[in-house]
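Sequences are here, hints too, so could you generate the full structure?
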Amino acid sequence: MNAQKLLESADATATARIAAVLPAEEEVLIRASTDLAADGRFGRQWLVATPCRVLVVPAQGEVVDIPLAALAEVRTDAIVGGGQLEIERVDAPTLSLSYTSSEAEKMSEVARGLEQLRQGQPFVVNGHLDRTRCERCQRLLPEKNGICPACIKKLATLKRIASYLGPYKLKASILAFASIATTAAELAPPLITKRIVDEVLVPVEGQATGFDLSSAEGFDERIHLLGLFVLALVGVRFSAWVAEWAHGWIATWLGAQLTADIRSNLYRRLEMLSLQFYDKRKVGSLISRATRDAGMLQDFLVDGLPYIVINGLMVFGILGFLFWMSWSLSLYVLIPVPLIMLWGVIFWRRLRGFFVKWGQVWSGLTERTVETLSGIRVVKAFAQEGREIAAFAKPNGRLREVAEKTAVNRGVFFATITFLTGLGVLVVWLLGGLQVLGGKMTLGTLLAFYSYMWLFYGPLEWFGQVNSWMSRAFAGAERIFEVIDTPPEAYEDPTAKRVPRMKGGIRFEGVTFGYDKSKPVLKDFDLDIQPGEMIGLVGKSGVGKTTTVNLIARFYDVDYGSIAIDGIDIRKIHLRDLRSQIGIVLQEPVLFSGTIAENIGYGRPGSSFADIMAAARAANAHNFIMAKPDGYETQVGEKGAGLSGGERQRVSIARAILHNPRVLILDEATASVDVETELQIQEAIQRLVEGRTTVAIAHRLSTLRNADRLMVLDDGRIVESGTHAELMAKQGTFYELVNLQREVAEIIAIKE
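Just so we're aligned: 427 in numbering that gives the first Met the number 0 is position 428 of the sequence shown, and the numbers increase by one with no gaps anywhere.
Since the hints were derived computationally from the structure, they do not count as laboratory data. Bear in mind the structure is a predicted one, so any value in this text is a computation, not a measurement. Any given hint could be a false lead.
Straight-line distance between alpha carbons at most 25 Å, and here's what the computed DMTMM-like set of lysine to aspartate or glutamate pairs gives [to be verified]: (1) K158 / E481; (2) K496 / D666; (3) K522 / D278; (4) K279 / D666; (5) K627 / E637; (6) K356 / E387; (7) K356 / D515; (8) K281 / D515; (9) K518 / D278; (10) K522 / D568.
Okay, here's the thing in structure tokens:
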């Protein structure tokens with residue numbers, strides 16, 4: 000068995016300290032850190048293990064080198080808020096490494112691995128633990144396996160978002176043209192205003208105006224010129240309206256379309272991800288990505304990103320006009336700019352943390368809501384509404400606190416920006432006014448300069464705002480891309496073999512598998528099932544029955560060994576071919592919102608109503624369906640809440656019959672129904688299993704009498720096999736389980 004290492008990424012300082020004392024030829028099996036220093040403060044201590052020694056590397060001080068032979072015991076002790084890794088030595092004091100509760104899982108695996116090395120046992124640890132630190136900067140992650148807010152690469156994220164523009168190049172080009180037109184239209188009015196003041200309202204004697212200021216004809220010409228300038232302003236404003244309308248419409252359409260494409264990719268990836276991914280994720284967190292994160296991204300794409308171009312062009316265009324009108328006065332306008340930029344950088348870093356925290360708290364709130372509403376029947380059954388309301392108040396309060404801190408900081412930021420820009424305005428009025436009074440500048444030029452100055456400061460303030468806006472949107476985008484980048488199940492593997500029609504022979508050979516790789520559920524498991532044979536799996540809870548059928552459907556891949564169907568390793572079979580020929584009937588059948596007919600038809604999309612009805616008859620479901628007012632058009636409600644447990648199960652069996660699988664899996668299909676319903680379900684199952692390879696798990700062992708063979712599992716292995724009669728005759732484990740069930744049934748009958 001190959002050793003599974005537990006190797007955590009180390010920073011450069013720790014790597015150098017480890018390399019200085021560790022012989023190069025020794026293979027590192029464990030490299031892990033605590034999150035508390037030796038003095039109990041937040042810090043890191045590294046522990047490194049090889050087949051020969053254990054190193055304890057503190058942030059400061061000497062490295063402790065412990066030969067494996069000097070270890071007496073390694074264990075973890077729980078304390079309030081965390082724990083301690085206790086390393087007992089034969090002839091030296093015990094070393095204690097403290098850590099917080101976030102590192103408990105990792106330290107447990109470290110202790111397990113060190114004990115295996117100390118005792119000379121096979122080294123098997125779970126090297127795929129949840130990530131709690133950023134692999135790049137080593138900061139603690141806000142949520143396990145999440146993104147590091149300090150390491151978000153805005154430019155890379157922006158490029159990735161822009162890559163979705165590919166199919167919409169024409170509209171993107173029109174948007175760019177509209178942005179340029181909008182900018183030009185915004186820059187024109189101050190110039191026209193300058194000419195109105197200097198050439199019409201307050202013309203200067205001797206200026207090349209083209210008319211006599213003292214004559215009546217000159218007055219009429221000024222009126223005519225004023226009308227022309229006003230018409231020019233009307234034309235500019237109309238052009239600006241058209242450009243802004245086109246820009247707004249296209250920006251809204253593109254933003255919504257890009258977000259829809261990203262959301263579609265996210266949902267497509269969620270559908271294609273393995274169950275291992277969902278084992279470590281909460282549904283509420285994933286829902287938050289598809290709703291809140293995608294919504295924030297859309298807001299930025301519609302109201303933020305397009306205006307980066309416009310405001311960028313505005314800034315450079317205005318600077319050109321300002322320096323053209325008065326380069327000396329322009330320098331004073333630029334004085335607040337470095338302060339605004341510095342203030343923006345400082346606050347962006349601060350606000351980014353608030354926005355990421357806000358997203359995480361929101362996800363937690365969503366998770367809590369989804370979990371509670373999904374189990375609302377249990378909440379009401381135990382009269383725990385008050386408790387759940389109080390539990391909701393905690394994350395809701397945290398969300399309020401984060402929102403308040405974010406709002407306060409944003410308010411301080413923008414108030415400071417307004418103050419700094421106001422200083423620039425005062426300087427321009429003072430120095431510009433002096434130049435006008437001294438005849439060095441016309442009044443029209445000063446007014447145009449003043450207008451451009453406000454147009455200049457406006458985009459600067461906007462860029463300060465868009466920084467925080469961008470940080471929220473990009474944090475959401477990174478959370479979305481984190482899921483999209485997760486490797487999916489191998490549905491489209493070009494090397495996979497197409498198997499359109501299976502016979503159904505299944506063979507487990509030396510299979511070892513565990514959800515936690517250090518704790519295998521199946522151990523060197525062997526099982527051979529012939530095509531068309533019905534096999535029953537029995538045993539206590541946790542011995543690997545459900546795990547066995549999960550592996551047949553390749554919901555998980557084995558750690559060691561192989562599973563073959565018709566002699567072909569299932570990892571080499573096209574996944575869609577494999578699962579399309581496997582039917583599953585679960586203990587808790589899952590129905591989707593819709594009609595009964597739609598749920599039965601889910602087993603084979605496109606089926607005729609006659610086929611759906613035939614499947615329902617075979618599943619003993621037709622009669623109860625027709626007894627309902629709407630028959631097959633009856634709405635089942637969310638998760639089939641409108642049907643009884645037995646009705647849901649028979650609809651599930653009808654769905655499996657319509658699916659017509661070559662391999663059938665029955666997982667406790669009659670565990671939670673009454674006797675009469677069980678008989679009806681048993682009849683339906685008998686029709687369903689005919690001619691199919693069937694693997695059945697049953698709570699009531701008597702329901703497996705018709706199985707060709709029964710396999711009794713214990714501790715991840717088959718301990719007994721044979722027919723029902725053969726196993727009863729052996730009077731072994733199966734015999735004891737049957738008798739135990741009989742005794743329990745008799746006790747229940749007596750009480751009733």
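These are the hints, each one checked on the structure:
The suggested pairing of K158 with E481 holds, with an alpha-carbon distance near 15 Å, which does not exceed 25 Å. Only pairs whose Cα atoms come within 25 Å are accepted, and K496 paired with D666 is rejected, the gap being roughly 28 Å. With a C-alpha separation of about 21 Å, the suggested pairing of K522 with D278 holds against the 25 Å cut-off. This hinted pair checks out: K279 and D666 have alpha carbons roughly 23 Å apart, not beyond 25 Å.
The suggested pairing of K627 with E637 holds, with an alpha-carbon distance near 18 Å, which does not exceed 25 Å. A hinted pair counts as satisfied when its Cα atoms are at most 25 Å apart, and K356 with E387 qualifies at roughly 23 Å. Note on K356 and D515: the hinted pairing is violated, with a Cα-Cα distance of about 30 Å set against a maximum of 25 Å. A distance of roughly 18 Å separates the Cα atoms of K281 and D515; the hinted pair therefore holds under the 25 Å criterion.
With a CA separation close to 16 Å, the supplied pair K518 and D278 stays within the 25 Å bound. In summary, the hint linking K522 to D568 is supported, as the alpha carbons are separated by about 19 Å, within the 25 Å threshold.
Hints 2 and 7 from the earlier list are contradicted by this structure; the remaining hints agree with it.
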